[in-house]
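Protein chains: 8
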Amino acid sequence: MDSTQLVNLAGRLAASEISAAEFLRLAAVEVGQPEIATVDLERAGRCGFPEVIYGPGKTAEAITQIAAQLLANEQRVLVTRVEADKGAELLRQFPAGRYNELGRTLRIDLSQPPAETAGQVAIITAGTSDLPVAEEARETLAWMNVRATMVHDVGVAGPHRLPERLAEFSEADAIVVVAGMEGALPSVVGGYVPCPVFAVPTSVGYGASLGGLSALLTMLNSCASNVAVVNIDAGFKAGYLAGLVATRRRK
Amino acid sequence: MDSTQLVNLAGRLAASEISAAEFLRLAAVEVGQPEIATVDLERAGRCGFPEVIYGPGKTAEAITQIAAQLLANEQRVLVTRVEADKGAELLRQFPAGRYNELGRTLRIDLSQPPAETAGQVAIITAGTSDLPVAEEARETLAWMNVRATMVHDVGVAGPHRLPERLAEFSEADAIVVVAGMEGALPSVVGGYVPCPVFAVPTSVGYGASLGGLSALLTMLNSCASNVAVVNIDAGFKAGYLAGLVATRRRK
Amino acid sequence: MDSTQLVNLAGRLAASEISAAEFLRLAAVEVGQPEIATVDLERAGRCGFPEVIYGPGKTAEAITQIAAQLLANEQRVLVTRVEADKGAELLRQFPAGRYNELGRTLRIDLSQPPAETAGQVAIITAGTSDLPVAEEARETLAWMNVRATMVHDVGVAGPHRLPERLAEFSEADAIVVVAGMEGALPSVVGGYVPCPVFAVPTSVGYGASLGGLSALLTMLNSCASNVAVVNIDAGFKAGYLAGLVATRRRK
Amino acid sequence: MDSTQLVNLAGRLAASEISAAEFLRLAAVEVGQPEIATVDLERAGRCGFPEVIYGPGKTAEAITQIAAQLLANEQRVLVTRVEADKGAELLRQFPAGRYNELGRTLRIDLSQPPAETAGQVAIITAGTSDLPVAEEARETLAWMNVRATMVHDVGVAGPHRLPERLAEFSEADAIVVVAGMEGALPSVVGGYVPCPVFAVPTSVGYGASLGGLSALLTMLNSCASNVAVVNIDAGFKAGYLAGLVATRRRK
Amino acid sequence: MDSTQLVNLAGRLAASEISAAEFLRLAAVEVGQPEIATVDLERAGRCGFPEVIYGPGKTAEAITQIAAQLLANEQRVLVTRVEADKGAELLRQFPAGRYNELGRTLRIDLSQPPAETAGQVAIITAGTSDLPVAEEARETLAWMNVRATMVHDVGVAGPHRLPERLAEFSEADAIVVVAGMEGALPSVVGGYVPCPVFAVPTSVGYGASLGGLSALLTMLNSCASNVAVVNIDAGFKAGYLAGLVATRRRK
Amino acid sequence: MDSTQLVNLAGRLAASEISAAEFLRLAAVEVGQPEIATVDLERAGRCGFPEVIYGPGKTAEAITQIAAQLLANEQRVLVTRVEADKGAELLRQFPAGRYNELGRTLRIDLSQPPAETAGQVAIITAGTSDLPVAEEARETLAWMNVRATMVHDVGVAGPHRLPERLAEFSEADAIVVVAGMEGALPSVVGGYVPCPVFAVPTSVGYGASLGGLSALLTMLNSCASNVAVVNIDAGFKAGYLAGLVATRRRK
Amino acid sequence: MDSTQLVNLAGRLAASEISAAEFLRLAAVEVGQPEIATVDLERAGRCGFPEVIYGPGKTAEAITQIAAQLLANEQRVLVTRVEADKGAELLRQFPAGRYNELGRTLRIDLSQPPAETAGQVAIITAGTSDLPVAEEARETLAWMNVRATMVHDVGVAGPHRLPERLAEFSEADAIVVVAGMEGALPSVVGGYVPCPVFAVPTSVGYGASLGGLSALLTMLNSCASNVAVVNIDAGFKAGYLAGLVATRRRK
Amino acid sequence: MDSTQLVNLAGRLAASEISAAEFLRLAAVEVGQPEIATVDLERAGRCGFPEVIYGPGKTAEAITQIAAQLLANEQRVLVTRVEADKGAELLRQFPAGRYNELGRTLRIDLSQPPAETAGQVAIITAGTSDLPVAEEARETLAWMNVRATMVHDVGVAGPHRLPERLAEFSEADAIVVVAGMEGALPSVVGGYVPCPVFAVPTSVGYGASLGGLSALLTMLNSCASNVAVVNIDAGFKAGYLAGLVATRRRK
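Going down the list, the protein sequences come from chains A, D, Y, P, H, S, R and Z.
Just so we're aligned: 39 in our numbering is position 39 of the first sequence, and the numbers increase by one with no gaps anywhere.
Just so we're aligned: 160 in our numbering is position 160 of the second sequence, and the numbers increase by one with no gaps anywhere.
Just so we're aligned: 235 in our numbering is position 235 of the third sequence, and the numbers increase by one with no gaps anywhere.
Just so we're aligned: 219 in our numbering is position 219 of the fourth sequence, and the numbers increase by one with no gaps anywhere.
Just so we're aligned: 77 in our numbering is position 77 of the fifth sequence, and the numbers increase by one with no gaps anywhere.
Just so we're aligned: 23 in our numbering is position 23 of the sixth sequence, and the numbers increase by one with no gaps anywhere.
Just so we're aligned: 42 in our numbering is position 42 of the seventh sequence, and the numbers increase by one with no gaps anywhere.
Just so we're aligned: 173 in our numbering is position 173 of the eighth sequence, and the numbers increase by one with no gaps anywhere.
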């Protein structure tokens, strides 16, 4: 596949020299491959945000094809769980994209960003090992155009740390809490705030952490009323849910 | 314990004849027992809503004591997981309370309800056996003064049922989906709507449903981006989270 | 082992120049090894289809030996879970074979295929990552001489996708549904059709997908009456069961 | 609720004195309750057989209401998992019904049964404790108008028992195998027959049988290619799937 | 068995009128039964404290026999997990005993208690439902002659509660923390104190609390270095371990 | 370490030129390392057979040291779970040893083997993938000087295979059955024979085989009375137990 | 059913007044019921001992019928897991039977017991709560005519107890070890003896004992080579296996 | 980063030429990076010992930064779970550090060690494969300045080994027992001693050892009263807890 041509086409599309439909037709010719995945182009209308591309099990070619279709329809692209080498290959196809190495995400947005962000979300981590998952959440919020504040390394065994930093997230519309090992942080955060807390268990830990299952169970059993839970290491999903709350709030 | 006296005191408090502090002191004398639980009276200020009383493992006396403290501080009372006989006993203490037999909840609100509700939440169930959990969510929303719509019995194996009723929840600020057995409904609902979906797995099922664990896992692995999960049968928690989203939305 | 000789012998057998018994005797001499596996040559008579060779834990030599015995008895060969390098080695032994890289299967059929296929099966996948398992099912059906239709990438979170493609599988004698993550697709498909649905959970997913266990549980708890389940990633078994139904139907 | 009136109405409906629509309207008046469950009356057209009523979590009133709607639309009724006392109550509502105490099922069919059955299914049990689950399967097949043969108590530890009885199920279109404890019987049966085997693990056993999970795992891992699995104790589902195969076969 | 005689004998033993060996011989005659359990009378010398009697699966007769042997050897008796009716029966045998209804323990000590206790342990609970387990720990410490302070109902979702009560356990030699549901409290306590924390998960909770397994996993994965864990609901064991630390400390 | 010297010493010991004690002292000097494991030299007297060396987590040096001590005391050596490269290294130290590549065992016996074997054990496998575990059992029996017969590839889905080969194991003192996947073979074998069956689940399988747990559960729940179970892949242990029965039998 | 007649018939059979075949025919007439279970009368010839009747899920009538057939064929009867009231009912049918209340077994032997027992087995328990399972093993051995020695209450936390009683089981042909909670006893016993140890985990314990699963895992992972494991609470199976070893030993 | 400068600064700090605050400021300039982790410098005052650095998920740079801060505040450094190459890199930064290859720990202490140790702890292992975990415990105790005795390779299947070595740990203030496989050793040790036993399950084993879960469950269910448990392979935590007991004891 000749990436130069694809980039040129994308450039012309961005400059409104060609329509989205033209771009799509021309790109398909350029790529010379049958369609390998069905893109849900109506999701943005139905659900508020475009389809997000889940990277694992997809080749760079497949991701390129889907991303091109989304861009041709003037939708912003977010790809999650992209390994470094696949990320580099995709950046060659989409030089305007931004790859986050820690969060393993790729964002491509050919449109003009809006003048201001649409709400405010805080992302809180228990330890430094939880950073990659937190970064995935942060990138998701950036893609949704929601402002995100990061509060790092406030694990519950240092009990004075969290109260000291309360001011940093007291105004949030929603909070993402990322924690591995025993996963107790969301319960403690939940007790301080009047907004929903989306808890992400991480696979950080060893032995009886059971790859994150232990933290997951902790969060599901939280005695704080405002804690909802997503899958292990699912930074994207927690970010997306918090972003939904924040954007609705500010409408 | 003489319940007549307690009721009188509560009446005088409601009539502003005595202050909350006086009520509390007098009630303690009346009850003649040491304090058996610590009530978190500042939660309403910190978290937006008062402390909710979790019924299991507490005697009617203990619940009465906690509820009296909350009422004395002009906070609305919600008690969850109250069995029928305990509910009857509590209603004798608090004749103004409302007991929901299906949802096993008791609500007591001595204040004047606001003129209008603060938002809109839809509660969707997969089957009739999921009703008790849905009722717990509905009562929670009523206690939060949020309008709730119920959409019953739209399990995924009747694939035409859900689309037919889409209009009933398309305007919701947040959706609570209650499902047992395979727990697939939240994923399907999530694909239709632009708001957060709070999924509640129920313990309805047999064999490999593992008391709700199977539905819980399904929901955690949902391929829909806007699905967050709470504990098995935790209708209260899902209702509370949806209510938080709805009330923030309308502020 | 001298593969040229073995191929010659197979050719002579195919040309009816030697009998199956002669082939077997000569091949054993050529191979010069004691028998390392017991082939169930009567299975075709007893169960309708010949024994299928499960690849893992068997060397290319062992597979060659078993395949040669089956071919010598005029039975069609299907080998599953064959890694690429072992597949290449086997193709050198059996140039008439067809290796499917995605499905990791090898088919060898020296007989003339029948004029028409014996029934119709639809294979439906939830996402592109489920393709390898679906391909294993498709190859199994080809080996059984059953026509298979593929319907890809119709996950439940895009709720309009499935109904649009209903026509493609409404005539099927049986349906194979392949899905990872939450595994909800079989329930939804089951609600549309009057034939058996064989559900295959895949190990696609992360975190609480537990290597496919979560999807497996979902399918076992399906509220659709016509959903039966096979082992995780067992594309072969689902294809085989669907093929049994289809061939009986058309007898 | 006055059951006499309801029975009269059903009788008039059966005698074609009133139409289904009339019956339904009159019955609703008689019952005097809002609709408490949504009946999927189109399932028979879409899936070949009417909706089946899952008993647990439904009151006798709710079941009566759903059954009346089905009967009013000339559909046959099957209720599963009906405890003895609820069964007695329902028989008073529907004197034409047949309650199977062992299988805990209730069948009601006001139409004339067809002259001959539509296929043949064998039900095989490992031990006498598996009988209730086998009976549920047998009643399901009777409701589908499929002939069922029972072969009891042929557990694998008596290895001569099964071959002796081979003739009884060699002509079956599909086989249901019901087994608890180690659940090995389906694999052995599968090796003898050319048709699909629907395996039902039962919760019979103790200790490491884990309420049927052990048998379930055994069946999922079966080395026989023609074994599909349903949920623990799901006699209904296995019977239904086998019935689907048998009725298609004979069309 | 005539309890009067047994009590008399015990009284004479306490008054040093008969030796331990005489008591034992006479009691055996009185009881008229063969020995049904082997009492480890040397444990007090080897391990510092006498054998403790685990109640379940033992009749009141068996417990009486073992307790009599211990008392005859001037050892203090502690029986755990004694249901109310068995407790009443044992109190008739040993009127000097103290039965704790909430903690389900029976203590019998015929010796003169020492002038002062041997150390200090704090017992902290997350919620009122954890009280029975905490009481078992407290009774164990009383039997070991260790002073115990109780701090109740300081769950992590009320984050200000614990710091307010820090003074009550800052001097403890060891701390027992009792918590169900998510079991996060030990981690938070552990971050405040310089002594060992013995964490007891309780079976309080529902759904994904898995009968206490979830809290157990949380505690095992605690990021606080000073948290050790005992079995679910094992108030006795945590109390015993804390008592060992406290008594060694003060020697 | 100079292996030549060690081999010389072992040779002189075998030739009775030096005593065991001298060998040990000299070998320690040669090896020049402190003792890194405690060898239980009295086990042969106490339990009938010498200590067996479990390979994993031990360096070749550590194994050499332990083996040398055993040989110096005229005890036969068996090392299990020895990877190929470690095996090669050990063979250089002990040229008289026999390394079994498939079973990953090393046997060293410097003594004269007895004129005849002590009993008879049959080892039966379900499939060819179970061979490595069966070989470990066979080597163990060889080390115990017990005659072992191998019956391969008689999985239950080929139901005629086992009866055909009954004669080969009808005289056995004990039987080892090795099976992965669903692990049903021991139950079937158990129904044919009057001796103990030691069942070994193997980690052969995929998906719901859970690394052998599924087969393990099957075997524990066996309805055959004479089936005992050992750990997953524990060929050594099953061989050892069968050998104990066989040698006692023939005493 | 008229039990008097049945008893009379059994008496005449015992007195050789009627043949076994006559008894069977007459009893069937008397009972007036179709055969409800298939008795494996050839098992004694094939496996050395008659079929054993597993009580749960069988009515007293069904057990009576099976037992009568066995007795009619001069086979000894053992029924396991018989609750007290069913046991009383069966004793009325078979006055010569012996019911063991603790072990919940019923033995009926109309033949003359042999002059001497056939071997020697020791049964060792960890605690008094393990007695019922040990009694089931003991009754099984009595039924097999094997001498059994009981060694009670030698749990590993009293480390001196076991060595003191070593002499009582040093001559055993096989040992049954029954233990709940952590299940460590079989490993310790295994290290002292040269014979096979059959370990029975019991469901005694609480919390993380998981109904016996914890003890089961302990025993499967035993570092003692001579420990085989049976299902939780499976006293019968361990007794049977030990009996097989003992009777072969003494032949 | 220029490590020479950092080492010089550390040297000047150790020589009191610069204050801790100066060191920290200068080091931050030298390192030229923003702070990547929050160090809890007050932990030593609050909990008795400084914060310990958990290695996984942290780069050598991050560890260096945290360690430098601790040293600048005159706190001793312990880093756990440091792989060999990262350890080598850290030693270049901190030449005064001690890296333990087996235990994968790094200790750095720039202060003068106290004249005598503060207590006594015994560390007991079941087998040689448990050594790495035991070494982690030993290094932790060295860092706490507590004397540690090692007793190796005394697994329960060699029952005479432990009593022989009793003298070596009879004076301990606390005992750490490290065991994999069945994990029975802590119970046996617990029965001999009057002090707390901190049990560490290890991931040593195979099959049903489930990566250490089996040993973990064994220890939680221990029938010895003085056994507390930590996470799988958590040598650090057990050492730390034992050290807390020992240092308190000797104050």
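By construction, these hints were calculated from the structure, which means they are not laboratory data.
Please read these numbers as outputs of a predicted model, since none were measured by experiment.
Every residue gets a Cβ at the ideal spot worked out from N, C-alpha and C, and that includes glycine.
Just to be clear, a hint being listed does not mean it is correct.
[Stated by the list, open to error] Pairs of lysine-lysine, DSS-like flavour, derived with a Cα cap of 30 Å:
(1) Lys86/R x Lys86/P
(2) Lys86/R x Lys86/H
(3) Lys86/H x Lys86/D
(4) Lys86/P x Lys86/D
(5) Lys86/A x Lys86/Y
[To be verified] Just a few of them, taken from the derived set where beta-carbon distance is under 10 Å, the chain P residues facing chain D:
(6) Glu42
(7) Gly57
(8) Pro95
(9) Arg161
(10) Pro163
(11) Ser203
[As the list claims (entries may be wrong)] Part of the chain Z face toward chain A, derived, beta carbon under 8 Å:
(12) Gln112
(13) Pro113
(14) Pro114
Structure-based check of all given hints:
{"no.": "1", "hint": "Lys86/R x Lys86/P", "in the structure": "27 Å, holds"}
{"no.": "2", "hint": "Lys86/R x Lys86/H", "in the structure": "27 Å, holds"}
{"no.": "3", "hint": "Lys86/H x Lys86/D", "in the structure": "27 Å, holds"}
{"no.": "4", "hint": "Lys86/P x Lys86/D", "in the structure": "27 Å, holds"}
{"no.": "5", "hint": "Lys86/A x Lys86/Y", "in the structure": "27 Å, holds"}
{"no.": "6", "hint": "Glu42", "in the structure": "8 Å, holds"}
{"no.": "7", "hint": "Gly57", "in the structure": "3 Å, holds"}
{"no.": "8", "hint": "Pro95", "in the structure": "25 Å, violated"}
{"no.": "9", "hint": "Arg161", "in the structure": "27 Å, violated"}
{"no.": "10", "hint": "Pro163", "in the structure": "31 Å, violated"}
{"no.": "11", "hint": "Ser203", "in the structure": "7 Å, holds"}
{"no.": "12", "hint": "Gln112", "in the structure": "28 Å, violated"}
{"no.": "13", "hint": "Pro113", "in the structure": "27 Å, violated"}
{"no.": "14", "hint": "Pro114", "in the structure": "27 Å, violated"}
In this structure, the hints that do not hold are numbers 8, 9, 10, 12, 13, 14, in rising order.
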